[in-house]
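As they're listed, the protein sequences go chains A, B and C. One gets our numbering by counting positions in the first sequence from 1 and adding 49 to each. One gets our numbering by counting positions in the second sequence from 1 and adding 402 to each. One gets our numbering by counting positions in the third sequence from 1 and adding 2 to each.
Be aware that one or more of the hints could be misleading.
[Claimed, not checked] Only pairs whose alpha carbons sit at most 25 Å apart, straight line, appear in this in silico PhoX-like list of lysine-lysine:
no.	chain 1	residue 1	chain 2	residue 2
1	A	K231	C	K252
2	A	K185	C	K201
3	B	K511	B	K539
4	A	K67	A	K140
5	A	K145	A	K231
6	B	K540	B	K551
7	B	K539	B	K551
8	A	K231	A	K140
9	A	K231	C	K201
10	C	K198	A	K185
11	A	K140	C	K252
12	B	K551	B	K511
13	B	K539	B	K527
14	B	K551	B	K527
15	A	K145	C	K252
16	B	K540	B	K527
17	A	K140	C	K201
18	C	K201	A	K145
19	A	K231	A	K185
20	A	K323	A	K67
21	A	K67	A	K145
Derived by calculation from the structure, the hints in this document are not laboratory data.
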Amino acid sequence: MSAAITDMRSSPRPAGAKALMRVESVVKHFPAGLGQSVKAVDGVSFEVREGETLGLVGESGCGKSTLARLVTQLLPVTSGRIFYEDVELTKLRGEKLRQQRRQMQMIFQDPFASLDPRMTVGDIIAEPLDNFGVMKGRARDSRVQELLRIVGLNPNFNNRYPHEFSGGQRQRIGIARALALKPRLVVCDEAISALDVSIQAQIVNLLEDLQREFKLTYLFIAHDLSVVRHISDRVMVMYLGKIVEIADSTETYANPKHPYTKALLSAIPVPDPKIQRGRRLVELTGEIPSPLHPPSGCRFHTRCPIARVPAPCAETEPPLEEKARDHLAACHFSSDV
Amino acid sequence: MPTPILQVKGLRTEFLTDGGIVRAVDDVTFDLYPGETLGIVGESGSGKSVTALSLLRLVPDPGRVVGGQVLFRNEDLLQISEDDIRQIRGRDIAMIFQDPQSSLNPVLKTGFQIDEAMLAHGTPKGQAHARTIELLKKVRIPAAESRVKDFPHQLSGGMRQRAMIAMGLANTPSILIADEPTTALDVTVQAQILELLADLNRELGTAIVMITHDMGVVAGLCTRVIVMYAGQIVEEGPVEQIFDNPQHPYTWSLLRSIPRVDALRHERLRSIEGIAPDLLHPPKGCRFHPRCPFRVEKCFTDEPSLEEVAPNQKAACWVTMERARREMGADELVDIRPGAGSGVRRGELR
Amino acid sequence: MAVTVRVDAVSEPVQASLWSDAWRRLRRNRLALAAAIYLILLVGVAIVAIFYTPYRMSATGIAPDYATPSLAHWLGADNLGRDQLSRLMIGAQISLIVGVGTQLLVLAVGVPIGLLAGYYRGWLDQVVTFVINVFYGVPDLLVALILVFLLGPSLANIIIAIVVTRWMDMARLVRGQTLALREREFIEAGRASGAKPMKMLFGHIMPNALGPIIVQATFGVPSAILFEAFLSFLGAGVQQPTPSWGSMAKDGVDAIQFAPHMVIAPAIVLSLTLMAFNFLGDGLRDALDPRSRR
């Protein structure tokens, strides 16, 4: 194991790197009766570069979980296109879509609910293999054991049931399952949020090791901004169904170009009393608006400390554009942030 | 040192389960001083929430408080009558919980529920209503006069929690126990609530016991902290000292396993090996020894007690980080497996 | 391998599977255990009756009409001088066949319908719900009587009549379970790992709904037995000379003034059997309840 003090995030993938996944103007509205709809994701465009970890953060109602499911097509889009390499995922149906799933897998939040309690661990991990008839018999069994070893579990655990394991171990089982088909892209939907703090570190390290070993690309969704900063090369911030900022993770945290990002960062508690006492919280007025009726113009203007109303903030929606090299933000007054 | 307003001595709480007895709180002793903010921090299974519930005899079945004393104003709260403890709950010692959704009655108006808290302790009706509005203003709920008539589901998560705080403070208690009040909230809302609690503590002088798993929260709000593991206190002391110089390997490891948003470089997190202890069959000797990088022979057999390791700072450890640094090179340690520091392995984890 | 391997400890496995855990808990329920033993004995008697009964069940006049219990005839004789005990034993076969047979068919019909309706929702669900409600609207006794009248009173037709009026309970239960389970994360995980819909339904959802399904089926058996007994009591059940507990009870009620022993035996055994299934069903429900597990 290499020494602890290494800077492994020294090279986030540059802008020209190959995009493994491209999301173009994706919209997802959920009908909510009476002609209304919840605008969970409302026009989102970004790319996931090969080999990177793209973090996705936001508070409740921002649409990040919905976006995770759209990316893996567990939910169909209302409009927009999603490309995996050159394949247009949003055009695929049925069996063709199912075949595509071999490339992109998902790790879920709840280690207790994401494993079928009636199946043995071995069967759970092998299920992706079974679904595609990839391996049978001895080959299948040895792959299951190999996967258990890879995630740091005893290979003899394959006959046990999920309820015999702790939360962290179950999450490892979920990771093993996600790796079974040797996917290129893994979507981690709050994969560590339900775990104890000390176990989170284990899983974060495991994910990083696996990424290096198997050249994986991660879309890492979380609400814990400290963890996201740690594990991600680039970070996307969402608010009320839209992306407000995308940039290199160190850059985002050091020089945010959107007032929401700045407010978010000021709210993260730092485990150091001397520093924490001296920090100033950027107060946001009001509450998060309902996704049924997002505010006009810039969605954030109702709570923004630097908004100029009515023009332009309440009237024109700011486009997500480059404010600095490879640093995009959707704000009329980025320079004031 | 002023006299403490609450003295917990040797508290023991057990749960009777199918598989046996779970010692959720095992011989916990600490003091609470007037007006201070005390953090009780730990992960799941540490016993922090059960400790809080035990203080007010609110432990649900199949749990029971089986030993110890909780001294408040010269009375042992564990011994007084049901009527008496009911008087104290909500009036002298108040508690707020993690999920305001389930703590507030969804079919009653919010204002009414806060009124109730005061009426139950003898405040006349007219006074209660006016005070409710005053309280809602104090917890910074905008448009308090109209919010009073709202039902809980009409309020956002943050506002519900503020309403809970208002309810807790209704009878100006001397102690407010907050059990993970911000865990279920968004980070921006959490920051506001913590600021509110800090301001209320300064203004009203109410002592706050903050139960949390988040070291950042402790760092911001608390003056003293107690670290719990497997039902026991493993370290306690002033917040600056504990964060600066933790003496118990668990505290030390915990602080190193948290990614810092202000870190300058990406350093691999130092996780804690192993899994949370099985409270049905806790490890012999020191409960942390199966996961401790600095364990020695004695840790396997003898349970350490809380000893003073620095002025005002206590830790329950045979080794302590001071020795781990001196003799085991703790700060440069790369291998964090149990026993790696001292070389005492006694067999790998199964 | 570059990846660090850390072999984690696992706590002692208290039980290997959820089924053995349920079995352990069922064993502790004395009432359910007693019920189970009774039912096993009953099945034993029914099996024995295939090969041996003290007398032929249709033999008339082998004892005086309405004879009271004696050493030769432990339960006495009925209005045609037939041995009650032998007829009771055959009656056990009838009841069990009807009870279990109807439930097997109810499972075969209700489970797939419930699964499909609950999983796919949409128009399929609406059609199924509509059909279920229509079936509920019709009084079951009436339907059963009409069916038996039209098709003829054979054992098979009685079973069909009961199934036609009872499948909806199972379908509704399974639909409800499916609706709840399909939102669980492991179902999403199954889809994400490429499972086909049939695999989702029968590999993931059904096994997790098995607990309530089994309990429902267990409660369905006494309900069917009682229904058959009632039909027999009305004369629309199994025809003579084949005895059913219900028809035996009917004959007994007709003679209750002067030969009360005739009604007592079938009435008691019917009640005990119904109670036993109900206690067993209760015990199963408690044993299989995932919430009581640690």
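>> Hinted pair, alpha-carbon criterion (25 Å max): A/K231, A/K185. Please report holds or violated.
In response: holds (16 Å)
> CA of A/K185 to CA of C/K201, is that 25 Å or under?
Replying inline: holds (17 Å)
>> Check the hint pairing B/K551 with B/K527 against an upper bound of 25 Å on the C-alpha distance.
In response: holds (16 Å)
> Is A/K231 within 25 Å of C/K201, Cα to Cα?
Replying inline: Roughly 22 Å between the alpha carbons, so the hint for A/K231 and C/K201 holds.
>> Tell me if the straight-line CA distance from C/K198 to A/K185 falls inside 25 Å.
In response: The given pair, whose Cα atoms are some 18 Å apart, holds under the 25 Å limit.
> Straight-line Cα separation of B/K511 and B/K539 no greater than 25 Å?
Replying inline: Measuring from Cα to Cα gives roughly 17 Å; hence the hint holds.
> Straight-line Cα separation of A/K231 and A/K140 no greater than 25 Å?
Replying inline: Within the cut-off at roughly 24 Å; holds.
>> Need the status of pair A/K67, A/K145: alpha-carbon distance at most 25 Å?
In response: Measuring from Cα to Cα gives roughly 24 Å; hence the hint holds.
> Holds or violated: A/K67 with A/K140, Cα cutoff 25 Å?
Replying inline: holds (22 Å)
> Is B/K551 within 25 Å of B/K511, Cα to Cα?
Replying inline: holds (6 Å)
> Is A/K140 within 25 Å of C/K252, Cα to Cα?
Replying inline: With Cα atoms ~68 Å apart, A/K140 and C/K252 exceed 25 Å; violated.
>> Need the status of pair A/K140, C/K201: alpha-carbon distance at most 25 Å?
In response: holds (24 Å)
Against the hints set out earlier in the document, violations occur for numbers 1, 11, 15 and 20.
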